[in-house]
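Student: Below are the chains, spelled out letter by letter.
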Amino acid sequence: MKKKNGSAKTDFYFLAFVVFHAAVLCLFLFAVVKNKGVKLDSDLFSMMPENSSSKVYSIADENISKQSSKNIFILAENEDFKKAKNSAEHLYNELKKSAAFENLELYTDSLALSQMQEFLNKWKFNLLNENQIKVMETSPQEFCEKAVQKAYQPAVSLDFINEDPFFLNQMALENYLLAVEKSGTAMSPGDGVLRRSFEGKWYVMIKGELTEKGSALASRENAVPFIYSAAQKFETDGTRFVFSGTPFHSYASSSSASKEISVISTISLIAVAVILFFVFRSPVPILASLCSILISSGIAFCAVYSLFSNVHLLTLVFGTSLIGSSIDYSLHFFINWKNSCELKSGREVRSYLLKGLSLSLISTELCYVLLFFAPFALLKQMAVFSFSGILSSFLITTGIFPLIKIPAERKILILGKINFNFFNRKIASKIFAAVVLCFTFISVLLFGKNFKVKNNISNLYEMEGRLKEDTILSYKVLNYSPSSWLIVTGKSEQEVLEKEMKLKEKIPDKSICTSDFIPPVSFQKKSIAENEKFLPYAEDVFYSLGFEENDVEFYKDVFAESKNSFLTLNEKFPSSIETLLQMLWIGERDGTFYSIILPSEISNQDEYRQIAKLEEGVFFENKVQDISSGLDNLTKLILVMFGISYIVIFVLLKFFFTWSETFKIASIPFLSVCAICSVFAATGNSLEFFAIIGMVLVFGLGLDYIIYRISNKSSRTELFGIVLSFLTTAISFGSLALSSFVPVHIIGAAIFTGLTAAFFATML
Amino acid sequence: MKKKFLFLVFNFLFLSAAFCEEFSFDEICSGLVKNEITCGSFTQEKKSASLKRPLKSSGKYLITKEGVCWKTEKPFNTILSVTENYIVQIDSYGNKNITDGSSNEVFGCIAETLSSLFKGSREKLEQNFTVDFSCKDKIWTMALEPKDKTISLILKNIFLEGTAENQGEAVFVQLEKMKVVQENDDLIEYEFANQIYKKELSDEEKEWLSKN
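Protein chains in written order, with this note's numbering: chain A, 1 to 764; chain B, 1 to 212.
Read the hints as simulated data drawn from the structure, not as lab findings.
The model shown is predicted, which means the values in this text are computed figures rather than measured ones.
It is possible that part of the hints are untrue.
[Stated by the list, open to error] Distance condition first, Cα-Cα at most 30 angstroms in a straight line; then the derived DSS-like pairs of lysine-lysine:
1. A:K201 x B:K56
2. A:K146 x B:K156
3. B:K198 x B:K52
4. B:K65 x B:K52
5. B:K124 x A:K82
6. B:K156 x A:K233
7. A:K146 x B:K179
[Stated by the list, open to error] Each pair of labels, with its calculated beta carbon distance range:
8. B:E165 x A:G238: 16 to 24 angstroms
9. B:E45 x A:T246: 48 to 56 angstroms
10. B:E169 x A:V180: 52 to 60 angstroms
11. B:V131 x A:E495: 52 to 60 angstroms
12. B:T99 x A:G587: 42 to 50 angstroms
Glycine included, each C-beta is placed from N, C-alpha and C at the ideal position.
Make the full structure from the sequences, and use the hints.
Tutor: Listed below in structure tokens is the structure:
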């Protein structure tokens, strides 16, 4: 009868396993077909609540990132300008051979100037600025005389004088150059290149844009190693190259982080495998545990993708918590599978563990169910990922593992040699709890200010070595690093341009925007009207310069031909302006037009936020700050959710355990959280997103330890299971604390601290 | 007869030396700035293919160690001063416009290059220009081509012409003509006359060269 029951149950768990996994896979395949592929989302803005501004930020960010993520700046530094220029030329010629560059610039050519003059001559009547119109209106005589005087000046080109007696072309050029000067780097044209003398040294700039392939990370075609090796050849005779731009940082962080993490992971995995092999003396538990991790992670990924049509990168980071739970289930099963001789089959092992496993599953899943109701898409993804992954892992342990044949030899040798009773647990547990609480109390007193949720994404990446030096130096030399901007939206191109002009008057710092180059049509009409008023004056100017009546008529004809043409974004612009417009003008998305006003510096953030607040359809974005505060909100929400979970789990546990046991169980996550908060505060760190993710993992694992412990109080095997589970998790995750890649280090440190506290509290 | 022949040869050699007196580039350079301040009058003629007739103007000029200044008086009153670090323009309405080399490196470079013309420093001149110098019959010429590729986008050549003669141990050098060829082949020709030399600038002249 008993056997029959067992068989029926096996069928149920096996069937549950098959149905659940098949269902998720079917949904996944359906989603893949529907979306024509699998997408990974790495946009940090998508973690913020969905509203109109996040969409705007995301669109603006996409445009700016598209430009900046592939741009590189290389400065050739030497005390002697000629040597600096010479080295820059050598490097430029070397880099030009590579196909990794979309474009590469060293020289400022004469073609660019003539191209610009031709273009401006065509649009000269449309491009007067407010001040110039004012002078024309108030002092027409002065304006005409100045035009004549200009003709006499040396270095003033007379190429277009017969169709431009007022030198409108030159005025437009000055306006454009002023706008470019405000927007750009501190480098200036000199001897055919862009250069700057700074603190006794000359810097000559090479600017480049990498192709998609050239900027691809973890690819052999990434241009950065090629640039470094090419530059090394020409770092002679006092020349040094200074590298800056996102591709250098992306390359450095991705290659060092991936190398480092793979080294740490490999070593820790080998250590875990050795321990497991030493304990089980069989590869079956190791392979089965590994398969469980892989299958549950895969199913978790499929479940998230099926529901959301994309998977956020941070969901995967958070998903590492799955590995801990998965290992836990597997170890508890296989320790009894190997050591508990009284359990004759896999099904009996499962039956024996079912209460602990089920309670552990329910308590953990409950946290994630609650998290699913959070108003952040990212948190929903994390909840689905962990929920489905842990369920998969549970079903593998209960549905598949019992099918594995029980080994002939059933003894874990080392277990017999461990003495779990070498101290008085009752006293030790009280001392331990007191120590943790005292440590927390002292930390609150001494480092109280660090007990807060605070994220700063700029702290998540630490530059090192030469790249750090280069970035600092390049920042000083180029004097350019825009990090905040105003985003202007409107229903039409003209509405956006008009808003820009209006906003420019209020902006306290130097800035650049599309309307600096393309004034709204309404303003161009004003400029043309002013020029029309000046047609009679043209006669005087022409005669003063020796021209005749037919020349005046020609000029009038030129004006008549141009007066109904307006400069718009559809025009072909000189290449230097085109590049700027690509960054400043985002264009139309879903019926809304977007552009960016880019200040070269931000003197007062609040003033900008106020400007944006007062104007409809205008947004101020400080990417670093906005993402950081988005992470703050997310972190706080996770904390609140887990606070609620904690209370619900407490109530739930009361149905299965006595009051004393319930309090004991509930005290473990509390002590873990106290330990993590205290250690972070004492080391001068605030609680931030990745620390909280670590805390959540510890929360689940810590509960598992104590539930298994209380469910099987007298079992040495279960106690050993907890020890082994702690060791494997502490090694695999704790070793991440050694990483210099900040997010990984934080998660590792939080897990190690919390898990250690939970383990000792459980064991005592 | 023999004595007469020798006398003729001697006379010929002496006269040749006197009329074909040649000066070195260094002597001309240092002669140009021997005087603290050189001032005089100038006429300017701007010629361009786009014009029907040349644009003629005239006025006074100043060459000092601080910089050079053109004070146009006809057909209107304007001032253009070029110093090593900035360019000053004053229009006929008295509006002063300063283009500072410290804030605009391109103008800084132009100002430095142009002022090196009148510094009398061979080193500075050769640093900024490729120089072709010649001197014959007391008349010296210099053809200058800017080395800086950015400047050469605007300025193709500058030709200077003047006279030089020995005055005791010193060389007396005068700049008489200057021709500027722009990149588009427009020409600006200057003629300098009535040069006088003095030690100090008047307050008004100081004002022309001043940034403030």
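Student: Which hints, by number, does the structure contradict?
Tutor: Hints 1, 3, 4, 6, 8, 12 are the ones this structure does not satisfy, whereas the remaining hints hold.
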